[in-house]
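Participant: Keeping their order, the protein sequence lines are chains A and B. Just so we're aligned: the first sequence equals residues 1 to 464 in our numbering. Just so we're aligned: the second sequence equals residues 465 to 604 in our numbering.
Calculated from the structure, these hints are not laboratory results. Backbone N, C-alpha and C fix where the C-beta goes; we use that ideal spot for every residue, glycine too. Treat the hints with care, since some could be wrong.
What the hints assert, rightly or not - Far from chain A by the CB rule (all over 10 angstroms, computed), these chain B residues: (1) Glu492; (2) Ile504; (3) Asp512; (4) Asp521; (5) Ala522; (6) Gly532; (7) Lys539; (8) Glu547; (9) Ile554; (10) Lys565; (11) Pro569; (12) Lys573; (13) Lys574; (14) Thr588.
To be verified - Below 27 angstroms or equal to it, Euclidean Cα-Cα: the simulated DSS-like pairs (lysine-lysine) are: (15) B:Lys574 <-> A:Lys187; (16) B:Lys565 <-> B:Lys598; (17) A:Lys364 <-> A:Lys348; (18) A:Lys136 <-> B:Lys542; (19) B:Lys592 <-> A:Lys136; (20) A:Lys216 <-> A:Lys169; (21) A:Lys348 <-> A:Lys311; (22) A:Lys169 <-> A:Lys119; (23) B:Lys470 <-> A:Lys169; (24) A:Lys315 <-> A:Lys274; (25) A:Lys216 <-> A:Lys348; (26) A:Lys161 <-> B:Lys470; (27) A:Lys187 <-> B:Lys565; (28) A:Lys364 <-> A:Lys430; (29) B:Lys604 <-> A:Lys62; (30) A:Lys187 <-> B:Lys470; (31) A:Lys187 <-> B:Lys598; (32) A:Lys136 <-> B:Lys574.
Each chain, written out:
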Amino acid sequence: MELALLIDIGSTYTKVTAIDLETVELKGTAQAATTVAEDVNIGINKAIEELRAMGVEPTEAKHKLACSSAAGGLKMIAVGLVPELTSEAAKRAALGAGAKVGHVFCYELTDDELDQITKYSPDIILLAGGTDGGNKDVIIHNAKKLAELKVDAPIIVAGNKTAASAVEKVLRAASKEVYVAENVMPKLECLNIEPAKKIIREVFLNRIIYAKGLAKVSEYVDSPIIPTPSAVMKAAKLLAKGSNNEAGLGDVMVVDIGGATTDVDSAATGEPTKQGVTLRGLEEPFVKRTVEGDLGMRYSALALVEEVGIKNILKNYLPPNIEEKMLVEYVEKISKNTDYVPCDDIEKEIDAGIAKAATDLAVKRHVGRIETVYSPFGAAYVQHGKDLTQLNYLIGTGGILIYGENPKEILKHGLYDSSQPDILAPENPKILLDEKYLLSSIGLLSEIVPDKALRLAKQYLKEI
Amino acid sequence: MKYDDKKTIVIGVIGSDVHSVGIRILDEAFSEAGFNVVNIGVLSSQEDFINAAIETDADAILVSSLYGHGELDCKGFKEKCIEAGLGDLILYVGGNLVVGKQDWPTTEKKFLDMGFDRAYPPGTLPEKPIEDLKNDLGIK
């Protein structure tokens, strides 16, 4: 047996998954409360003890890997110039590195925005702005503003290269920890987020995990600990592209409905599938991640209801027997009691309805859209974002889908809707469920044994 | 100091216009003439031109329109530039700017009144605006 232990340190629970890599078989999973405040290893050991009780001998583990979203995950602020251009590029770099992005700012930072940064208390600030050789004034202004901040977060500069040294100087003079990366948008609408992502990862490893009490895990595991969303993105990429000896599945999209956010990852180029379509806007990364902070099952349930509207939820996502009063009372209850588990059929129905609305909106915001422009020479089509209509696989994960009663019905709300033909959501993908909660483990394993990680995925992601 | 000392210009075809050949020729010609050309292509809105000019710190915007709706598409362009802090930016426009056979001086005046620094009629060769732009930007 070639045992691998995959540790997922979540904000509430630490989960340990044991995989036999020889037979590519799941040997067991166990979880315990996360203990970052005292010593993160307490929780891990507890979960491991539980695995031992199941007959898995953890000391035999050949590989030990970990990812974490504990202690607030990796909290970031992104700053750019134009909202649709460098601000968006900076946001994508931060999301692509697995961060939670509290705020995205554009143009010159104001005092009010500086207060918001202080309040959010980010782990890292990403400062972009200007193409190479382009605007320098704004990024330099923003560096001066950030220099005044009391927040002790490292600042990664990834803007106009001709302004980088001036920006670095301003920040160093204020004793800030500064890292300089390549510009996230060196040429107009040309996305270059890999270098910034790499530096975010390094800063996370060398600095953030210590601040968050995760450093002790590094002694236990044999490769660097990564943010959990990064692990899921790695899994999506592996599933789409395949490995050396194992074919991929083609274009995939992962929908993860959580208590606070709904995350969507797509691994696909998203190029136009129709003829005569002009692509516009910022280039799309192959693995794209969007995080919806206002769409979640518990912490953001109130925000979701506000965004979607009570009438709309009742009409589109709930059966007729659910009345407005029931919905309002339930949402109030769950947003106060975020550990709440639904007790009866009505509560389960409402939970499913919230999940349907979250899936619907999160996918709509993730995918691209097509606009028909009528010119004197007939109709012309303009596409913004990714065309995912021909997507091969839609994969669902998160508690409500895994433990809920009808995950397929929920995920179907992420499909193409002929009444909104401009939204390029998947038309007819196969739907898979991550019923054993393995996506982050698959992502972690993809780094060391990609063939086996992919076989594991093919075996345990269940078509529904 | 720009990192390559070249002047940057943003070019594109405005509105619902899909004429892509001319803009490529302009791209070639202005690049050859020593400009750093940011070509935003066809189907470009006023905002696309302005956003591109902000990020690239452009010195001029050259708007192309060949389908006769130029007047409608260009309305308020200068005002938006001023709002975006690009009031001093040089603005040119050229192409089949209006429908039918209107006389050029009237059309030209219309666009100059809208805040464009120069307007060019159909059939203008790239050499003309290149020479004008060099003069307007003080390039010898």
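Participant: So if I understand the rule, the pair passes when the alpha-carbon distance is 27 angstroms or less; does Lys364 of chain A with Lys348 of chain A pass?
Facilitator: holds (24 angstroms)
Participant: Holds or violated: Lys169 of chain A with Lys119 of chain A, Cα cutoff 27 angstroms?
Facilitator: holds (25 angstroms)
Participant: Mind verifying the non-interface call on Ile504 of chain B? Its CB should be farther than 10 angstroms from each CB in chain A.
Facilitator: violated (7 angstroms)
Participant: Please work out if Lys187 of chain A and Lys565 of chain B have their alpha carbons no farther apart than 27 angstroms.
Facilitator: Violated. Lys187 of chain A to Lys565 of chain B sits at ~40 angstroms, over the 27 angstroms cutoff.
Participant: Find the nearest Cβ of chain A to the Cβ of Pro569 of chain B and say whether that gap is larger than 10 angstroms.
Facilitator: holds (25 angstroms)
Participant: Quick one: work out the minimum CB distance from Asp512 of chain B to chain A and report holds if it exceeds 10 angstroms, violated otherwise.
Facilitator: Non-interface label on Asp512 of chain B violated, nearest chain A Cβ at 8 angstroms vs cutoff 10 angstroms.
Participant: Test the statement that Gly532 of chain B is away from the interface with chain A: the closest C-beta pair must be farther apart than 10 angstroms.
Facilitator: violated (7 angstroms)
Participant: Would you mind confirming whether the straight-line C-alpha gap from Lys161 of chain A to Lys470 of chain B stays at or under 27 angstroms?
Facilitator: holds (16 angstroms)
Participant: Quick one, are Lys315 of chain A and Lys274 of chain A close enough, alpha carbons at most 27 angstroms?
Facilitator: violated (33 angstroms)
Participant: Need the status of pair Lys136 of chain A, Lys574 of chain B: alpha-carbon distance at most 27 angstroms?
Facilitator: Between Lys136 of chain A and Lys574 of chain B the Cα gap is close to 35 angstroms, so the pair fails against 27 angstroms, i.e. violated.
Participant: Can the restraint linking Lys592 of chain B and Lys136 of chain A be considered satisfied, given a maximum Cα separation of 27 angstroms?
Facilitator: violated (31 angstroms)
Participant: CA of Lys574 of chain B to CA of Lys187 of chain A, is that 27 angstroms or under?
Facilitator: violated (34 angstroms)
Hint compliance for this structure: hints 2, 3, 4, 5, 6, 15, 16, 19, 20, 24, 25, 27, 29 and 32 are broken, all remaining hints hold.
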